[in-house]
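Trainee: Dock chain E against the given chain S, drawing on the hints supplied.
Here's the letter readout for the chains.
2 protein chains.
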Amino acid sequence: MFIDKLIESIKAKKSPVVVGLDPRIEKTPQFIKDVAFKRKGENIEGISEALYLFNKGIIDAVYDIVPAVKIQVAFYEAYGIEGFKAFFKTAEYAKSLGLMVIADVKRGDIQEVAKMYSKAYLQNQLFDAITVNPYMGEDTIMPYVEDAIKYNKGIFALVKTSNKGSKDIQDIKTTKGEYVYQSVARMINRISNSAIGKYGYSSIGAVVGATYPEEAKVLRKEMPNCFFLVPGYGAQGGTVEDIMDCFDENGFGAIINSSRSVIYAYQTPYWKDVYSEYEYAQAARAEVILMTGMINNGLVKRKYIAC
Amino acid sequence: MFIDKLIESIKAKKSPVVVGLDPRIEKTPQFIKDVAFKRKGENIEGISEALYLFNKGIIDAVYDIVPAVKIQVAFYEAYGIEGFKAFFKTAEYAKSLGLMVIADVKRGDIQEVAKMYSKAYLQNQLFDAITVNPYMGEDTIMPYVEDAIKYNKGIFALVKTSNKGSKDIQDIKTTKGEYVYQSVARMINRISNSAIGKYGYSSIGAVVGATYPEEAKVLRKEMPNCFFLVPGYGAQGGTVEDIMDCFDENGFGAIINSSRSVIYAYQTPYWKDVYSEYEYAQAARAEVILMTGMINNGLVKRKYIAC
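Chain order of the listed sequences is S and E.
Residue numbering for the first sequence follows my numbering, beginning at 1 and increasing consecutively.
Residue numbering for the second sequence follows my numbering, beginning at 1 and increasing consecutively.
Misleading hints may appear alongside valid ones.
The list cannot tell twin chains apart, which means a pair is met if one copy fits it or any two copies do.
[As the list claims (entries may be wrong)] Straight-line alpha carbon distances no greater than 20 Å define the calculated SDA-like cross-link-like pairs of lysine to any residue that follow: (1) Lys-167 <-> Gly-177; (2) Lys-85 <-> Ile-44; (3) Lys-217 <-> Arg-302; (4) Lys-164 <-> Glu-138; (5) Lys-272 <-> Arg-24; (6) Lys-119 <-> Gly-46; (7) Lys-85 <-> Asn-124; (8) Lys-150 <-> Gly-41.
It is worth saying that the hints were derived from the structure and are not from the lab.
If we strip away everything but chain S, and leave its shape as in the complex, we get:
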């Protein structure tokens, strides 16, 4: 079952950190672009190759210390066919090193269409889980839930997202005296009952932004079944203290994604004097170790986990 495997991997790696593979060609080290462009030409193929090679370096550097990677499909989809090739190759490489792979696709559509998205990602052995958008309602989520159960996969439904604009729709106050994201949360938590694993969590989880700690605290109580995929840590502004309430009292219940802060760690003030661009992958590893240490330290302070 997806969620049991995820929890066991978090335990084994002693880390709830997920590395987000959101590569941008303009931030890719020149030496990687040189190799890729020489191999495939200075074109879409070369760009896609560079993104893949960049990812491969990151994966090699972190596969033994994180349970999963999250691949944001848009960074590949932007380059069409060649981009998708890099997306699939990245997933394949991550899986080959034992990582769980979350395809961050945020798809959502009517049932007949959702079935096709589910075929694309949940029925694809390269991916362990996907993110989905709940705006169109429960019937549009069910095809993913059915496939999650059938193929031992997971889904994370958007509940309260990390961006500023998440207030526009998600924070609308309803006549039930709650916010829209709480209504979504209740719907997802109810659906998640159908896929609960041996540790009490469901393979149907939720996306809850690191940037809204108060909301996360409420949601942790209102969605007891649901593991949280937490974006927004690091570059988007979320801190260790902000994410603590995403966890339960045993230190589970959340995986914390960081993309830019990890994969471009070598460009940050903290690491730029230590690592050159040639060492971008070591910098990413150092940042993951730092981030994991800080999060685990936060959990120890809360007495959620032992030292």
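Mentor: Same frame as chain S, but now just chain E:
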């Protein structure tokens, strides 16, 4: 400007009908599969070729009588790289015959990611417009709006969708005494002010399901700037009477999509004794002509347009 071009095309073709290219391999005529499988093998490549050949037949049969086609990406995305090739080839072929192409992708994500989706579709000359999901808020829509203005493209944001489950989130009552979809509508209508064309409509439109005529009537008034892309007609249950309130008093304001009822018209009770599967494209043309006639007749009855 996208919306002006769309309106002029509706006038020129005398039809607000959009054909949805949502091909399913299991419903594809055998003679097409035979050709495709012989050419590419009985595999993903062959399936994708069959979907493309099927679409090509439909496009050849309807390009002179409809302003646009809507291509639902999931039906291609399900087949990975090869599927995407068929998706792009379909768009290219439709454009080559002067059709406007709406990529029904329903993407939605934080700004940095939305920019990449916009690069994938709005910055791609194959597509004239895309559908987007507003759940994550205004800041996640703006990258599409900026590109729509810059590249003369359009967007249709989900407001009230055609499926039954659309009630779950979209119909939540808010403390303002309205429904969530009305809050979304207000947000989109406000955003749409930045892209109004010479006929008074904006290149920023809305998806409003044919299956909810009462809601559409309200939304037509609350979103005066916004053209509606109306799914749900035909196979999903929407009738001519259901969609009339999507139009304004001049007979504009909406394009009506039909997918299954058109592309598989030859299998419907109405046409199956007239057309064989070899004539699936003629059947699609006949259905489009019938549908256009019925809609235009409805508009005449309302005195929105002259005979």
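Trainee: All hints are to be evaluated individually against the structure, with a verdict given for each.
Mentor: Status of the hints after comparison with the structure:
no.: 1; hint: Lys-167 <-> Gly-177; verdict: both (16 Å within a copy, 18 Å between copies)
no.: 2; hint: Lys-85 <-> Ile-44; verdict: both (11 Å within a copy, 15 Å between copies)
no.: 3; hint: Lys-217 <-> Arg-302; verdict: within (14 Å within a copy, 54 Å between copies)
no.: 4; hint: Lys-164 <-> Glu-138; verdict: between (25 Å within a copy, 9 Å between copies)
no.: 5; hint: Lys-272 <-> Arg-24; verdict: within (18 Å within a copy, 51 Å between copies)
no.: 6; hint: Lys-119 <-> Gly-46; verdict: between (29 Å within a copy, 17 Å between copies)
no.: 7; hint: Lys-85 <-> Asn-124; verdict: both (14 Å within a copy, 18 Å between copies)
no.: 8; hint: Lys-150 <-> Gly-41; verdict: neither (42 Å within a copy, 29 Å between copies)
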